[in-house]
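Colleague: Next come the chains, spelled out residue by residue.
There are 2 protein chains.
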Amino acid sequence: MTHNGYDGKSLEMLKRFNVKVGDLVYIETKQGNYSATILPRYEYSAPGRIVAKLENGYNIGVSIDKIKSIKRAGKNLNNSTVASDRGPFLKKNRTDTNTLEVVKNDTDQETTNLSNDYPLVSLISTGGTISSRIDYRTGGVRAALTAAELYSSVPELKKYAYIEPEVLFSEYSENLTPKHWATIAKTIGEKILTRKYKGVVVAHGTDTMHYTASALSFALQNLPIPVILVGAQRSSDRPSSDAALNLLGATIMAIKSEIAGVFVAMHNSISDDLVSIHLGTRVRKNHTSRRDAFKSIDIEPIAQVRGENVEVPEHNSEISLSKRSTKFDKMIVKPNFNRNVTLLKFYPGFDPRWIDHSFELGSKIIIMEGTGLGHVSRECIPAIKKAIDRQVLVFITSQCIWGKMNLNVYETGRDLLSIGVIPLQNMLSETAVVKAMWALGNFRNMDGIKKVMSHNIANEITNRIKVD
Amino acid sequence: MTHNGYDGKSLEMLKRFNVKVGDLVYIETKQGNYSATILPRYEYSAPGRIVAKLENGYNIGVSIDKIKSIKRAGKNLNNSTVASDRGPFLKKNRTDTNTLEVVKNDTDQETTNLSNDYPLVSLISTGGTISSRIDYRTGGVRAALTAAELYSSVPELKKYAYIEPEVLFSEYSENLTPKHWATIAKTIGEKILTRKYKGVVVAHGTDTMHYTASALSFALQNLPIPVILVGAQRSSDRPSSDAALNLLGATIMAIKSEIAGVFVAMHNSISDDLVSIHLGTRVRKNHTSRRDAFKSIDIEPIAQVRGENVEVPEHNSEISLSKRSTKFDKMIVKPNFNRNVTLLKFYPGFDPRWIDHSFELGSKIIIMEGTGLGHVSRECIPAIKKAIDRQVLVFITSQCIWGKMNLNVYETGRDLLSIGVIPLQNMLSETAVVKAMWALGNFRNMDGIKKVMSHNIANEITNRIKVD
Numbered sequence: 016m017t018h019n020g021y022d023g024k025s026l027e028m029l030k031r032f033n034v035k036v037g038d039l040v041y042i043e044t045k046q047g048n049y050s051a052t053i054l055p056r057y058e059y060s061a062p063g064r065i066v067a068k069l070e071n072g073y074n075i076g077v078s079i080d081k082i083k084s085i086k087r088a089g090k091n092l093n094n095s096t097v098a099s100d101r102g103p104f105l106k107k108n109r110t111d112t113n114t115l116e117v118v119k120n121d122t123d124q125e126t127t128n129l130s131n132d133y134p135l136v137s138l139i140s141t142g143g144t145i146s147s148r149i150d151y152r153t154g155g156v157r158a159a160l161t162a163a164e165l166y167s168s169v170p171e172l173k174k175y176a177y178i179e180p181e182v183l184f185s186e187y188s189e190n191l192t193p194k195h196w197a198t199i200a201k202t203i204g205e206k207i208l209t210r211k212y213k214g215v216v217v218a219h220g221t222d223t224m225h226y227t228a229s230a231l232s233f234a235l236q237n238l239p240i241p242v243i244l245v246g247a248q249r250s251s252d253r254p255s256s257d258a259a260l261n262l263l264g265a266t267i268m269a270i271k272s273e274i275a276g277v278f279v280a281m282h283n284s285i286s287d288d289l290v291s292i293h294l295g296t297r298v299r300k301n302h303t304s305r306r307d308a309f310k311s312i313d314i315e316p317i318a319q320v321r322g323e324n325v326e327v328p329e330h331n332s333e334i335s336l337s338k339r340s341t342k343f344d345k346m347i348v349k350p351n352f353n354r355n356v357t358l359l360k361f362y363p364g365f366d367p368r369w370i371d372h373s374f375e376l377g378s379k380i381i382i383m384e385g386t387g388l389g390h391v392s393r394e395c396i397p398a399i400k401k402a403i404d405r406q407v408l409v410f411i412t413s414q415c416i417w418g419k420m421n422l423n424v425y426e427t428g429r430d431l432l433s434i435g436v437i438p439l440q441n442m443l444s445e446t447a448v449v450k451a452m453w454a455l456g457n458f459r460n461m462d463g464i465k466k467v468m469s470h471n472i473a474n475e476i477t478n479r480i481k482v483d
Numbered sequence: 016m017t018h019n020g021y022d023g024k025s026l027e028m029l030k031r032f033n034v035k036v037g038d039l040v041y042i043e044t045k046q047g048n049y050s051a052t053i054l055p056r057y058e059y060s061a062p063g064r065i066v067a068k069l070e071n072g073y074n075i076g077v078s079i080d081k082i083k084s085i086k087r088a089g090k091n092l093n094n095s096t097v098a099s100d101r102g103p104f105l106k107k108n109r110t111d112t113n114t115l116e117v118v119k120n121d122t123d124q125e126t127t128n129l130s131n132d133y134p135l136v137s138l139i140s141t142g143g144t145i146s147s148r149i150d151y152r153t154g155g156v157r158a159a160l161t162a163a164e165l166y167s168s169v170p171e172l173k174k175y176a177y178i179e180p181e182v183l184f185s186e187y188s189e190n191l192t193p194k195h196w197a198t199i200a201k202t203i204g205e206k207i208l209t210r211k212y213k214g215v216v217v218a219h220g221t222d223t224m225h226y227t228a229s230a231l232s233f234a235l236q237n238l239p240i241p242v243i244l245v246g247a248q249r250s251s252d253r254p255s256s257d258a259a260l261n262l263l264g265a266t267i268m269a270i271k272s273e274i275a276g277v278f279v280a281m282h283n284s285i286s287d288d289l290v291s292i293h294l295g296t297r298v299r300k301n302h303t304s305r306r307d308a309f310k311s312i313d314i315e316p317i318a319q320v321r322g323e324n325v326e327v328p329e330h331n332s333e334i335s336l337s338k339r340s341t342k343f344d345k346m347i348v349k350p351n352f353n354r355n356v357t358l359l360k361f362y363p364g365f366d367p368r369w370i371d372h373s374f375e376l377g378s379k380i381i382i383m384e385g386t387g388l389g390h391v392s393r394e395c396i397p398a399i400k401k402a403i404d405r406q407v408l409v410f411i412t413s414q415c416i417w418g419k420m421n422l423n424v425y426e427t428g429r430d431l432l433s434i435g436v437i438p439l440q441n442m443l444s445e446t447a448v449v450k451a452m453w454a455l456g457n458f459r460n461m462d463g464i465k466k467v468m469s470h471n472i473a474n475e476i477t478n479r480i481k482v483d
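So the sequence lines, in the order shown, correspond to chains E and U.
Here the working numbering is used: the first residue of the first sequence is 16, the next is one more, and so on.
Here the working numbering is used: the first residue of the second sequence is 16, the next is one more, and so on.
Hints listed in this document are in silico derivations from the structure and should not be mistaken for laboratory results.
Any given hint could be a false lead.
Because identical chains share one entry, a pair is satisfied inside a single copy or across any pair of copies.
Said to hold, decoys possible - Straight-line distance between alpha carbons at most 30 Å, and here's what the computed DSS-like set of lysine-lysine pairs gives:
#1 Lys400 x Lys379
#2 Lys194 x Lys211
#3 Lys379 x Lys401
#4 Lys174 x Lys342
#5 Lys379 x Lys86
#6 Lys271 x Lys201
#7 Lys271 x Lys342
#8 Lys349 x Lys338
#9 Lys81 x Lys194
Whole structure, please, built from the sequences with the hints as guidance.
Modeller: Shown next as structure tokens:
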């Protein structure tokens, strides 16, 4: 298994230059030269490439057509610069499986003399691709690494901050539930109240990261410091992984941002040194696989991390951003969520009996994801009216994703308004279902919940909708 | 009511220049001069503007700050050039309400000598904003105009084609059901078989236009001529209406396109003379109100109509386009749809009992709109397995919208595959639910339906997914 995954011409090339997986090498190509460690090839990588990890933690795939020579730098991975350049949380251990063992550091001892120049960041790991690696046995990706291991793969982080890792869960995010949101919110709240941290980074699977970001935006209000969710679309042992860049971007945001709140940090993709910072309530995973899958909706990303700088462009006054502060006692933690909420996506042929059934399943709130400005078919009106008569709150959002609801323009909209349906302006459906679970979890009175839903809390409603 | 809707400074200006709604005027501004007819102001228009219809049918809103003078050209709307410039389908009638009466032309008599240079286009009106106008009483938009009236508002159309209008329904598209799709498909099929038309244009509400476009893409195969759905985001009597441009673009596509198939023609918005032509199965309404709300997903628009030209850029070989032909007998019409299909959007906290309930409501097919590469929570697996055991077909799509499913990458995906869930590659959820209703309506055998769903018919599955 010294050439794991390599075959054909790429295998021949490795053999020709007498190098193997794990070797630290000097690769000479037509475009430039690299010092790197040869990584295993995985089944989805492009053919005819040698995959290697650069010293800065990035992975590359070098086309064998462009390679002039590969020279062995002498040491293999377990004796390489990656391992010898050990930070405070790395402990090199030769084991019989020849892997690095990474141990959690006792940061409490080390943080007493922390200055602003070398701040402490809490890294809470919940699972997902960013904390996973490929299982070469099955070819799939496993959520397996700890936050500490993750840290070890991005040695650059040490330039900026002490990272205090904690593994909270190890779940792919499609398996996270509102209960997990509550645990994450409480954990972050407790950490913030210690006043030790400059910022909190949450490593999270990307599938539902925007739902969790919304949940934290409502559960943690008046935050004195930034809380940044970060994920990866490609696991860190794959070429073109975005894990290192995203984690670095999130950490720099955590320590340098002058704004506080809940954010998502993900690869911008225009350039390889740019990480977009999205508002927790206005972001969506819009692509299954691209590294720039996350997009701010109806607004631009609230900031960009370029290299080691946080750039905050001027924003429309409709968006309210809080500054970083020392008012730790002003923080509000409302971590409860109630699942008795239904999101129903409307489509032609939609069966109105689903609306009746929501009530029967115990739903107290229904979010109808309508069409266009917020419409559903006339067939649905009696069922919605019946639900409202039974004290169920019915809100409407739009499956268009971008833009604002308006139930005043068309007959259908006015009919919906007249029976008591409440349009949620430009709130995203995903944010709406989370906010409804949060409102139901923290407020008893249904009239109060109705008001909370329509009232802007965390930029989930903005009016910055250019109509052109 | 001679200054309908005008107030404040704009009303003062109309009075100062002694002009009123309906007057044909010459407006001199700092930017240029216009011959136009003054239109009523509606409640959503920007303040401080005079709204007017230009001779070419476009509406403008002129800021009163920029107006140097307004001179009355003498005649009001009912004697204006719009009315006197009557085409074959316009008959001027003075009535006591002072409106234009538009009558349907007996095209059968006139089409016998049609040459290719002056082709016949069938315009089927189903309703929606494109065939509606503002109700000044309520301030809302009513689906009221006939296709013929619509034609009268875009006199430019006469330059290119005879338009044979037919009002099939007058419904906002959120009220259209699979039954309507069947009627539209049959009507188009019958019209095409007369061999009289160079193309078919379907005026449609925008809310569900992409669903209908998908439905027609499956119901009408091997089309010899193009079928183009067209809508408007702003009704034709509002300034900045896109109705005229879109209808013109759709008509030019209908007569000049060398490709056949089902398309959607909507404003591109980069420039005011550009209409994007989208594939019927790969388009989505992505904004509640913008004129460029419709976007091709995972591909570029298949063509653009610029001025009077159709530009078809080179497309990836994965997309198959049919050429216009005279093989009318090769056309396949399969217009049946069966509503026993459920689309369920997954979200954290999603109650798996919804899946059980689908079966109880009679669903034969469930489309799960999952997260990321096509995932749902582990909590859902037993319910999905139970549904599959009960002979329900379960397919998965992604709420990401862009990108391809891949159930091989993560554990969750492999678990779903192992119980028999079928990923629909990069098929849009909206297209998937329509295709499932179509497959269920036209094929009996569930194994056959399973195959039909995974097999590409009308570019609903493309592999042109750049992963970067």
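Colleague: Take the hints in turn and mark each one as holding or not.
Modeller: Results of checking the hints against the structure:
1. In this homomeric assembly, Lys400 and Lys379 come within 30 Å of each other (Cα to Cα) both inside a single copy, at 14 Å, and across copies, at 28 Å.
2. With identical chains, the CA atoms of Lys194 and Lys211 are at most 30 Å apart within one copy only, with a shortest distance of 26 Å there and 63 Å across copies.
3. Taking the shortest alpha-carbon separations for Lys379 and Lys401, both the intra-copy value of 13 Å and the inter-copy value of 27 Å come in at or below 30 Å.
4. For the identical chains of this complex, Lys174 and Lys342 are intra-copy neighbours only, at 28 Å inside a copy versus 69 Å across copies, given an alpha-carbon limit of 30 Å.
5. Taking CA atoms no more than 30 Å apart as the test, Lys379 paired with Lys86 passes in neither setting, with 66 Å inside one copy and 61 Å between copies.
6. In this assembly of identical chains, the alpha carbons of Lys271 and Lys201 lie at most 30 Å apart only when taken from the same copy (24 Å versus 63 Å across copies).
7. For the identical chains of this complex, Lys271 and Lys342 are intra-copy neighbours only, at 18 Å inside a copy versus 67 Å across copies, given an alpha-carbon limit of 30 Å.
8. In this homomeric assembly, Lys349 and Lys338 come within 30 Å of each other (Cα to Cα) only inside a single copy, at 21 Å, whereas the closest approach across copies is 60 Å.
9. Taking the shortest Cα distances, Lys81 and Lys194 never come within 30 Å of each other, neither inside one copy (51 Å) nor across copies (59 Å).
Consistency with the previously given hints fails for numbers 5, 9, ordered from lowest to highest.
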